[in-house]
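The chain contents come next:
Number of protein chains: 2
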Amino acid sequence: MPYCKICGSGTVVVYLPYAKMSLCQNCFLEFYVKRVKKTVEEYKMFREDDVVGVAVSGGKDSSALLHSLRKAFPKLELKALHINLGIPEYSEHCESKVKLLAKSLDTELITYDIRERLGFTVEDFMETRFRRKICSICGTIKRHIFEEMALEAKVRVLATGHNLDDMVSVMLNTFFNGHWSQLIRIKPILPPLADGMAYKVKPLIRSLEKENLLYCMYSEVPIRSLGCPHSNQTGIRKYMQLLEKLSEEDPGFKYIILNRFLELIPIIENAVPKPTLTQCKVCGFPSTNEICSYCKRTSLVKQKEDNY
Amino acid sequence: MPYCKICGSGTVVVYLPYAKMSLCQNCFLEFYVKRVKKTVEEYKMFREDDVVGVAVSGGKDSSALLHSLRKAFPKLELKALHINLGIPEYSEHCESKVKLLAKSLDTELITYDIRERLGFTVEDFMETRFRRKICSICGTIKRHIFEEMALEAKVRVLATGHNLDDMVSVMLNTFFNGHWSQLIRIKPILPPLADGMAYKVKPLIRSLEKENLLYCMYSEVPIRSLGCPHSNQTGIRKYMQLLEKLSEEDPGFKYIILNRFLELIPIIENAVPKPTLTQCKVCGFPSTNEICSYCKRTSLVKQKEDNY
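If you read the sequences in order, they're chains P and U.
Numbers in our numbering are just positions in the first sequence, counted from 1, shifted up by 1.
Numbers in our numbering are just positions in the second sequence, counted from 1, shifted up by 1.
The hints are simulated quantities; they were obtained by calculation from the structure and are not laboratory data.
Keep in mind that this is a model prediction, so the values were computed, not measured.
Some hints could be false.
Treat identical chains as interchangeable: a pair holds within one or across any two.
[To be verified] With a cut-off of at most 35 Å between alpha-carbon atoms, the simulated DSBU-like pairs for lysine-lysine come out as follows:
| hint | residue 1 | residue 2 |
| --- | --- | --- |
| 1 | K239 | K21 |
| 2 | K275 | K6 |
| 3 | K188 | K246 |
| 4 | K134 | K21 |
| 5 | K76 | K39 |
| 6 | K76 | K100 |
Chain P with its partners taken away, still in its complex shape (with noise of 0.2 Å):
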């Protein structure tokens, strides 16, 4: 029978194969918000003064991130900030569960509906040419959405729930695939785009999937476990079952890639040349074309709109 390794509690709920340490639920939950405090501490994300902006989705990271940050930092202001993309019975389901989450932490929620505030929803793009690429099309037009917000909100700092399983993912697809400028991208900490901008942090890249789950388990955090009907992932998916394979021989394999490419990435940042940036013609924001990326896409939906 196993016990808890901090408290010798005989009630153990969780394994953590990379640390060797079996814990109770509160010791877990401890250890959970003592390792996010660290995090934010180190790289130095925010202070305990500042304003924070949570982007919260209403799935497990987001909602772990919020509500572990209102632990670490009692006295630090959070925004949750959400948007309601408009996909049927997901969005809805979400938002609901982002509204008890940020009513039991007491904490301000801005939301962003995309079908009230442009005139479409992502559903939209299931119609166009990059039906197969709807995922990618969701994460620029949140990426530019959270900006928007973040400005509005006036939060000088934006944190995302991005967990160790898609760090360490993301950062071996954009390796392998020779993405060099993508890759200095996927840092703790990004300064912002332009003066007035955000600063961006991950507090959770020592956080792995599953324990973030256990998280909003155990805190009873209320989340929308099924996951977006359109996800699907495909390059990323290679990488996770190569690292939960290779977990299994090594269990802190994860870790170890993350450091990893922490070190490597300042390295190439001194390499590659810096993306020279340019105002979108459109709506303004920092680009590297003449119009951004989310201009570009959303074009596409909003002219459907007005042929209506």
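Use these hints to put chain U onto chain P, whose structure you have.
Chain U alone, transformed into the frame defined by chain P:
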């Protein structure tokens, strides 16, 4: 029934999935030799009027290297360099194969018998604390002796039979272990460590292990096909398996990894401080320490010898 992609004959012997090519025996051998030639030329490894030493063990890789270099560069002055490591049965068998090959190619063969020249064998390390690291010790010894042999034989260039599988698994292993200064030594062409020493080149970096074996088989190259009795590459094997798995999905995966690292290495090379080389106090060879690892390691078995 597949036909040879190059000549159209119906007697196909090999399928190269990364190139989607079925080939007959003659076209495969020609394809193989052309690729070796192209690799030598691409990295400017040597010119046809050079004197090139080829480190030949008697195994498939280095034997395919010697044979294919002879075919690719008929006028090149080649010297086959062989080390007899003194491993019972294995070493005599390897030497006999190398002799046959050199004779069949009408190539000068220089053999260095470490028992005769140094008074110990690689086998002797089985009785030291390096028993479990014998592959690493053997690598150190071979690297040092080949440098010595290259000097004695007055070759400008020393070619070794590292294949694509070797390259890529060592690259991944070195990368994941964060050994940046070792990673930058894994290049197709390495300049001499000191004046008068040889360039080191790897003409088989684009040839798969399996293709080297097929090349030997179809060219009737005499080889020792059974590995060394002490061989045990635990760390590397993990990446070998991984690479096989990923290559099943994407047959060009090993080439992709090779190309990524060939892009990355110069970047890291610029960022990592070059190790300061000094002269080993015992042998006088370039070394990062007062006494080089070859002299450190071999002093163990030399001392043992003196105690007899």
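Going down the list of hints, with the structure as the test:
1. K239 with K21: both (27 Å within a copy, 22 Å between copies)
2. K275 with K6: Neither: 47 Å inside a copy, 44 Å across copies.
3. K188 with K246: both (25 Å within a copy, 29 Å between copies)
4. K134 with K21: Intra 40 Å, inter 27 Å, cutoff 35 Å: inter-copy only.
5. K76 with K39: within (16 Å within a copy, 65 Å between copies)
6. K76 with K100: This pair counts as within: shortest intra-copy Cα distance 21 Å, inter-copy 79 Å.
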